[in-house]
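Residues per chain are reported as follows:
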Amino acid sequence: MSWLLQGVRPYGEGEPVDVRLVDGRIAEIGAGLGAGDSRPYDGRTSDGTGQVLLPGLVDLHTHLREPGREDAETVETGTLAAARGGFTAVHAMANTDPVADNAGVVEQVWRLGLEAGHCDVAPVGAVTLGLAGEQLAELGTMADSAARVRVFSDDGRCVSDASLMRRALEYVKAFDGVIAQHAQEPRLTVGAQMHEGIVSSQLGLTGWPSVAEEAVIARDVLLAAHVGGRLHVCHVSTAGSVAILRLAKAQGIDVTAEVTPHHLVLTDELATSYDPVFKVNPPLRTASDVEALRAGLADGTIDVVATDHAPHALEDKETEWGAALPGMTGLETALGVVAEAMVVPGRLSWRDVADRMAQRPAGIGRLATHGRPLAVGEPANLCLVDPGAAWTVDATRMATRSRNTPFAGRSLPAAVVATFLRGGRTA
Amino acid sequence: MRRHLLSAADLSRDDALLVLDTAEELATVAARTTVGKLPTLRGRTVVNLFFEDSTRTRTSFELAAKRLSADVVNFSAKGSSVSKGETLKDTALTLEAMGSDAVVIRHSWSGAPVNLARYVQGSVVNAGDGTHEHPTQALLDAFTMRRRLGRLEGLKVTIVGDVLHSRVARSNVLLLSTLGAEVTLVAPPTLLPVGVHTWDAAVSYDLDAVLPKSDVVMMLRVQRERMGPGGERTAYFPSSREYSLRYGLNVRRAAGLQEHTVVMHPGPMNRGVEIAPEVADGPRSTIVEQVANGVTVRMAVLYLLLGGAEPAIGSAPQVSRA
Chain A
1 MSWLLQGVRP YGEGEPVDVR LVDGRIAEIG AGLGAGDSRP YDGRTSDGTG
51 QVLLPGLVDL HTHLREPGRE DAETVETGTL AAARGGFTAV HAMANTDPVA
101 DNAGVVEQVW RLGLEAGHCD VAPVGAVTLG LAGEQLAELG TMADSAARVR
151 VFSDDGRCVS DASLMRRALE YVKAFDGVIA QHAQEPRLTV GAQMHEGIVS
201 SQLGLTGWPS VAEEAVIARD VLLAAHVGGR LHVCHVSTAG SVAILRLAKA
251 QGIDVTAEVT PHHLVLTDEL ATSYDPVFKV NPPLRTASDV EALRAGLADG
301 TIDVVATDHA PHALEDKETE WGAALPGMTG LETALGVVAE AMVVPGRLSW
351 RDVADRMAQR PAGIGRLATH GRPLAVGEPA NLCLVDPGAA WTVDATRMAT
401 RSRNTPFAGR SLPAAVVATF LRGGRTA
Chain B
1001 MRRHLLSAAD LSRDDALLVL DTAEELATVA ARTTVGKLPT LRGRTVVNLF
1051 FEDSTRTRTS FELAAKRLSA DVVNFSAKGS SVSKGETLKD TALTLEAMGS
1101 DAVVIRHSWS GAPVNLARYV QGSVVNAGDG THEHPTQALL DAFTMRRRLG
1151 RLEGLKVTIV GDVLHSRVAR SNVLLLSTLG AEVTLVAPPT LLPVGVHTWD
1201 AAVSYDLDAV LPKSDVVMML RVQRERMGPG GERTAYFPSS REYSLRYGLN
1251 VRRAAGLQEH TVVMHPGPMN RGVEIAPEVA DGPRSTIVEQ VANGVTVRMA
1301 VLYLLLGGAE PAIGSAPQVS RA
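So the protein sequences, as listed, match chains A and B.
Going by this note's numbering, 224 is the number at position 224 of the first sequence; the sequence numbering is gapless.
To get this note's numbering, take the position in the second sequence, counting from 1, and add 1000.
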């Protein structure tokens, strides 16, 4: 089927135009295109400006929980949530049960994504067997599998052994892989519950010091430079990390980094409620960290926004803070939060949003058909945003199977209104 | 505060003084009765919900409730449904359905009383949560200081030891500053929280410099697992011997205190580590009084929270800090 998107604005720029999608590609862009036998999509907004047309968003960091915790999320529900959030591709993290540390599991997850059909699923392979941090998993076999794994991560755990990290960075060069590091020095974070600082001292919760993240990032950029490997830093959360990354990039080191939507707006003060919906790893930091992250995202030091969508079953969140699992859902709120933190204050344009949430993450994950320019002949992986449609987050009305959104009740300034995957509407 | 006592920060100056004054009154009145009991809370039910062993605190709350003629149920995590995986929420709803008016909770996780307060209609009293707070301990400490020294305003109180992991220290700093005392925390730097500079207290690493100026010296328990050599966590200091030398209240140090200075300890003590036996048992020590005062102060807290007076502690009926 072909679609005619009427009255939309690519990248939110210029006058509204019509965009025709045929056979999974963008076939025509122009003013006043006739509908013909295309199905029309009315992209006009009430203020006459037109919905913002962006490349389909790409998430480098999603926990789909299948296999193992299908009570919290499945590939079906997680990818539906992704489509609702404007995503046309997600990278599914490896910390499932069993762990995605072999070709069998990554191919299973990839196939489940294909069958669900809501968005493309690019499985992430574990760096080490069982995420144990001791022995390299069969990275090459996963790369050569049907799932074509390019991103490898022990996310949830840090590859803390310096020698192992070096070998991983070196080894994946053979198939253009990237090591996505969860930067957390384990000895500095034993029993850690929240950001170590003023609030943790009041609340009597064991601190997770910023230096535990920064020390690992500093080491890893030096290792990446030494071996010429490709490093990606997951969920950067501190001002110090941004400074280290800025320095590393200035020296030409091949490192990329992501920030989560929640780290762009929420702070450790929220822990005073002891409500575990605000427990996340890395933890919410201070207002000055939030500002540094926004500045880093604006100037490109931080390459991408990645959700770290981490659904959890109710019983794992409705408990004491210390007993609760860390993590927040994020797929359906990511675009709205980025609009609030970056677009509304004028720190990112919609074209920049396309860069940080589609083009660069697709590039890091080596997804050839995602994050492409909005141009004739390109794959029709797209999303449409109503930039003026404020909405209130309701945890009970989301596609994700879990309810652990920290944004419940919050009004977000922009909404994803449609998503197209290879020319077919998925949301 | 209001319906619950979750943190010493819930208490305004007037609230705190009301508790202390009420405790004085209750002690006087109870002493005059032949059975040592008051009928005030007859027909009310107080549940002691202890997820962490503490015979001393549980007994203190139990006696306090019984002296006010309340019915008391002791619910300990061991041998109960809690150890079978029941959540705090389910336990709370169960107790609620059985008609408890107040829940006294001790828990190993910081913040558990705050979580509990979201689930129950009755009052929640924090009897110690993780490394967060222990507000009734701070109240009984303040009560003890005022009885011994006649005032709290301007009193120089030195708290010595493992501040980082101490719920007693947190509650005491909050309450004592509310009541106008000047608190100094003394500890090795490893046992002070990173954010301690924002607390309403001075900080020193040098016990000998602070002791002569102190009206009250409160020694905190040092737990064995904080000492070297480290297990999962690196130790906070090299040995109990070195700790005792640098931060222990020994006979020599006690001899240098002012005449009127009192020595306190929330118990249980490590005799010979943070405090010498001679000091713990000496005339300056209030350690046994603290235990007795604990019952009195907890009577006052339960009395005020369960509507023994109008208003109860504080005024607005709202959940603080929730």
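Keep in mind that the hints were calculated from the coordinates and are not lab data.
For glycine and all other residues, C-beta sits at the position ideal for the given N, C-alpha and C.
There could be a bad hint or two in this list.
As the list claims (entries may be wrong) - Some residues of chain A that are not near chain B, with every Cβ distance over 12 angstroms (derived):
#	residue
1	Y41
2	Y171
3	R187
4	Q193
5	G197
6	V199
7	S201
8	Q202
9	L205
10	T206
11	G207
12	P209
13	A323
14	A375
15	V393
16	D394
What the hints assert, rightly or not - Chain A residues, not near chain B, derived (Cβ > 12 angstroms throughout):
#	residue
17	Q135
18	H195
19	W350
To be verified - Just the calculated beta-carbon pair ranges, DEER-fashion:
#	chain 1	residue 1	chain 2	residue 2	range
20	A	V190	B	P1212	34 to 40 angstroms
21	A	T392	B	R1246	40 to 46 angstroms
22	B	K1213	A	L222	45 to 51 angstroms
Worksheet item: So which of those numbered hints doesn't the model satisfy?
Response: Structure breaks hints 3, 4, 5, 6, 7, 8, 9, 10, 11, 12, 13, 18, 21.
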